[in-house]
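Novice: Sequence:
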Amino acid sequence: MKKRKRVLIAILILTASIPALSEPKPDETIAESQAQGQAKRQAYRAWLDRQADLQAQLKAAAKRPDFLRDRPLSSNSQQFIDQLKNAQQALAGEKPKTGARYLVSFSIPQTALINMLQEAKRFAIPATIRGLVDNNMPATVQAVKSLVEAGQVDGVQIDPQPFTNYHIDAVPALVVQCEAGVDVVRGNLHLEAALSRIVNAGDCATTASALLQQGGIRG
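Under mature numbering (1 follows the signal peptide of the UniProt record, and there is no 0), read the sequence shown as residues -22 to -1, 1 to 197, first letter to last.
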């Protein structure tokens, strides 16, 4: 019995010698959580700042795209490029009573397209494309530069309206408009042949004849 009492007393003494673990007060827990959250937010902002700086450095160090490089161009070539870059043709308003348009597309093989544009320049007929290449201005500028470097061409416009107005779903097509009406010649004809066809059997024979004369053709 005495031995059991001694063991019990020893356990009580040992228990009393171990300091009790204090529970954190509610206010201290909230403050610590807030401090940790604030530290995480600051670290995240710092990471975002580093990413922004890195992106800026990469952008500054990146090679400029070929279509943005400065290259010397002739006055005609520069005008050609500027027309495409700033092309915002009026899609409404009074239509011209007389005139002609040559409707083409970048889907035409380059060699054939250059020949067509050179013909259009000869007869002072503006060549018109429906829209941007892949709906992308840089791609369009690059396509135009390729034409400029390959052959002396000018007068290209961007205007989808005549394609819609005259129901043009295939190119090339020549549209000649006058007070008497509109003549449309579809198909891969030389402009001289297309204009001659209008002179012989079109409503706008006088306008077509004037365009032929402007190109040095006497009828």
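Hints are computed from structural coordinates only; laboratory data are not their basis. Fair warning: there could be bad hints in the mix.
List of simulated lysine to any residue pairs, SDA-like, C-alpha gap at most 20 Å [said to hold, decoys possible]:
1) LYS99 / ALA171
2) LYS99 / ILE86
3) LYS123 / PHE141
Source: prediction; values computed, not measured.
Novice: Assess, step by step, whether the Cα of LYS123 is no farther than 20 Å from the Cα of PHE141, and give holds or violated.
Specialist: Roughly 24 Å between the alpha carbons, so the hint for LYS123 and PHE141 is violated.
Novice: Given the hinted pair LYS99 and ILE86, is their alpha-carbon gap at most 20 Å?
Specialist: holds (17 Å)
Novice: Can you confirm whether the C-alpha distance between LYS99 and ALA171 stays at or below 20 Å?
Specialist: holds (15 Å)
When each numbered hint is compared with the structure, a violation occurs for hint 3 only.
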